[in-house]
Amino acid sequence: MKIMNCPLNGPRNISEFVWGGDIKPMPDPATCSDRQWTDHLFIEDNIAGIVHEWWLHAPTNFWFVARRNTITDEILETMTVDRFFQQTAAGPAGEPA
Amino acid sequence: MPLALLKYGLSSKHREDPHFRWAPELKKSYDVVIVGAGGHGLATAYYLAAHHGITNVCVLEKGYLAGGNTARNTTIVRANYLTPEGVAFYKESVELFRGLSLELDINIMYSERGHFTLAHTDAAMRTARWRAEVNKHLGVDSELIYPDDIARLCPTMNMSDEVRYPILGALYHPPGAIARHDAVAWGYARQAMRRGVEVHPQTEVTDVLIENGRAVGVETSRGTIHAGKVVQAVAGSSSLMARKAGFRLPIRTIPLQACVSEPVKPILDQIVVSGSLHVYISQSARGEMVMGGATDPYGLYSTRSTLDFKEGLMGHMLELFPFMAELRVLRQWAGMADMTPDFSPVMGLTPVENYYIDAGWGTWGFKATPVCGKRMAECVATGTQPGLLRPFALDRFDRFDLVGEKGAASVGH
Ligand SMILES: Cc1cc2nc3c(=O)[nH]c(=O)nc-3n(C[C@H](O)[C@H](O)[C@H](O)COP(=O)(O)OP(=O)(O)OC[C@H]3O[C@@H](n4cnc5c(N)ncnc54)[C@H](O)[C@@H]3O)c2cc1C
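Chains as they are written, first to last, in UniProt numbering: chain E, 1 to 97; chain G, 1 to 413.
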């Protein structure tokens, strides 16, 4: 069984977690165009390589961020949302490998 | 007898023509370049040649012929979808499948088994009723049946109440079938090549050449090729390929796993799917139980197999078919499924002129191979989106006009 390290609860079985997909900036729904909004809802970078993405520890309802390699299936790092946004104040959501 | 056998062995007369005559050299340009020699790319090439007289076509494949998802799927063909758009589309595919052995002159072992989508909850019963009515309205044979009929039609199924999820009913679809997936791809390849189409394995497309917003060729591991039109049919690599052409897709790539048991004598004549339990099973012509479940819980560009998959699958499978406990798993594997938000494919025109897409086939694309090839060929030949493909155009996402098939594909195929 694959183990993921939850920043709140420590190492847990991956079946306790729910994948939340890419971290992407949300356009302002009040001012953005319809096209920008549908893009945000449906279109994905779907990167093969290293990505930052949302994960949920379901039993404790705790959302956090994981840095993961989508080719090798390695979880490189997990961090709280605070730490992620400090680290990547203006950072990119993914780094294509 | 021994002498006759010896003579036969030494003679070359009985040998069939080689199946494929590979073209050693790439030409500098083609009318149509198709990227990806899976069932879809090959079918598109065949119909371009056979129906539209377009034969200056090459199909480029980074691996070997039809070694992608076409070789990895569990070969279920059915038309009992949920939306009118989906039902109409898959209905045409089933009709084409029925005549395919004859048309392609190869035995695709098309075998109609009857397809059961079991319901274990009231919500699943409602969806089954809904699907049955949509299907019947469009002329597809489907009905909601109850436990008595299920027990009669599929005697090996465990209909006991003493289980975690008793069976309340099923959507029954008599035309549901399985076919030999390799033969479908090889048949299309051979017939396309007989008409002049070239298929080049071991030739990876590394870039798309665009001039003034229109596709004019591709860069490959064997050099540059010019193209009047380019078609991408690369299944699990759709986002990566589209990015080379300069646009993004509503797709996430997620592995889908399957496995087969050791072969046994015929014991299961039907195709049984449980949408609520996320498992499905059928018995192949050589006796293996072919089984699968839902997609993996997170995205990945990989075809690795996991123990989690088998544990989750067998937990439910043994409840439906207790005899399965006696069988050993022979092989397991995975393919990369390109999942769209509405569980429907993306076909036809793209923002790039002369660049056509066939993608988003997730876990359900084998059954669409003939119709997809036929209609994509029409799309490429005419440069317009055929009526049957209009609901599946990429720009439906801009218009909030999704084709919601999720209710029909809950185990993912
Ligand atoms: C386990 C599993 C079970 C399934 N079960 C069913 C089922 O029961 N019924 C059903 O209808 N569907 C099923 N599917 C889905 C079905 O297999 C696919 O949707 C279908 O095979 C897609 O066909 P294709 O020709 O588009 O793709 P593929 O057969 O994958 O062909 C695409 C080809 O493109 C090539 N390629 C990729 N990138 C490049 C490049 N840059 N240059 C050149 N070539 C490239 C690949 O090597 C590949 O050979 C299943 C899938 C899986 C994984």
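Take the hints with a grain of salt, since some may be wrong.
[Said to hold, decoys possible] DSS-like cross-link-like pairs, simulated, lysine-lysine; straight-line CA separation at most 27 Å:
| no. | chain 1 | residue 1 | chain 2 | residue 2 |
| --- | --- | --- | --- | --- |
| 1 | G | K310 | G | K91 |
| 2 | G | K62 | G | K244 |
| 3 | G | K62 | G | K28 |
| 4 | G | K265 | G | K310 |
| 5 | G | K91 | E | K2 |
| 6 | E | K24 | G | K62 |
| 7 | G | K62 | G | K27 |
| 8 | G | K406 | G | K136 |
| 9 | G | K244 | E | K24 |
[Unchecked claim] Beta-carbon label-pair distances, calculated as ranges:
| no. | chain 1 | residue 1 | chain 2 | residue 2 | range |
| --- | --- | --- | --- | --- | --- |
| 10 | G | G139 | E | F62 | 46 to 52 Å |
| 11 | E | D82 | G | H137 | 42 to 48 Å |
| 12 | E | P59 | G | H226 | 45 to 51 Å |
| 13 | E | D82 | G | F20 | 28 to 34 Å |
[What the hints assert, rightly or not] Anything over 10 Å on all C-beta distances counts as not near chain E; from chain G, calculated:
| no. | residue |
| --- | --- |
| 14 | P147 |
| 15 | P250 |
| 16 | P297 |
Calculated directly from the structure, the hints in this document are not laboratory data. Just so you know, these numbers come straight off a predicted model, no measurement behind them. A virtual CB, placed ideally from N, CA and C, is assigned to each residue, including glycine.
For each hint, the structure was consulted:
{"no.": "1", "hint": "G:K310 with G:K91", "in the structure": "32 Å, violated"}
{"no.": "2", "hint": "G:K62 with G:K244", "in the structure": "15 Å, holds"}
{"no.": "3", "hint": "G:K62 with G:K28", "in the structure": "18 Å, holds"}
{"no.": "4", "hint": "G:K265 with G:K310", "in the structure": "23 Å, holds"}
{"no.": "5", "hint": "G:K91 with E:K2", "in the structure": "41 Å, violated"}
{"no.": "6", "hint": "E:K24 with G:K62", "in the structure": "32 Å, violated"}
{"no.": "7", "hint": "G:K62 with G:K27", "in the structure": "17 Å, holds"}
{"no.": "8", "hint": "G:K406 with G:K136", "in the structure": "19 Å, holds"}
{"no.": "9", "hint": "G:K244 with E:K24", "in the structure": "21 Å, holds"}
{"no.": "10", "hint": "G:G139 with E:F62: 46 to 52 Å", "in the structure": "51 Å, holds"}
{"no.": "11", "hint": "E:D82 with G:H137: 42 to 48 Å", "in the structure": "54 Å, violated"}
{"no.": "12", "hint": "E:P59 with G:H226: 45 to 51 Å", "in the structure": "57 Å, violated"}
{"no.": "13", "hint": "E:D82 with G:F20: 28 to 34 Å", "in the structure": "58 Å, violated"}
{"no.": "14", "hint": "P147", "in the structure": "32 Å, holds"}
{"no.": "15", "hint": "P250", "in the structure": "4 Å, violated"}
{"no.": "16", "hint": "P297", "in the structure": "6 Å, violated"}
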